[in-house]
Amino acid sequence: MSVLHMNEAGFNEKIPAAPIAMVDFWATWCGPCRMLAPVIEELGEKYEGKALIGKVDVDEEQGLAARFGVMSIPTVIFFQNGKEIDRKVGVMPASAYTQVLDAHM
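First residue of the sequence shown: 352, per the numbering used here; consecutive thereafter.
If you're looking for bench data, these hints aren't it; they were derived computationally from the structure.
For each residue, glycine too, the CB sits at the ideal point set by N, CA and C.
Check the hints yourself; a few may be wrong.
Label pairs and their in silico Cβ distance ranges [what the hints assert, rightly or not]:
#1 G361 with A388: 12 to 22 Å
#2 A417 with E364: 14 to 24 Å
#3 G414 with T379: 12 to 22 Å
My request is simple: use the sequences and hints to build the entire structure.
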């Protein structure tokens with residue numbers, strides 16, 4: 352699976368172990384999130400085996416959203432060895448995300 356849908360336990364296990372990770376905080380009812388979904392899927396395929404690309408549903412995982420101060424969705428947070436290194440809020444072109452991933456690989 353190229354995009355990993357994570358709950359809090361999965362997040363706590365996978366993110367610290369990943370050299371580079373990108374996590375989309377989203378919700379099913381969010382229009383901009385649905386617009387961004389194909390970009391996230393595309394990046395999941397492009398970076399499979401190189402970076403962890405994940406999604407967290409903020410309605411199901413409110414604790415994770417609160418832990419990272421996610422106030423607006425979509426919010427995409429980048430992690431390196433478990434530490435936040437960047438974040439993008441709102442819908443952006445794929446290049447905005449690949450730039451961060453490529454710079455930290």
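Given the hint of 14 to 24 Å, is the C-beta distance from A417 to E364 inside that range or not?
19 Å, holds
Falls inside 12 to 22 Å, the C-beta gap from G414 to T379?
18 Å, holds
Given the hint of 12 to 22 Å, is the C-beta distance from G361 to A388 inside that range or not?
19 Å, holds
Hint check: no violations occur; every hint is consistent with the structure.
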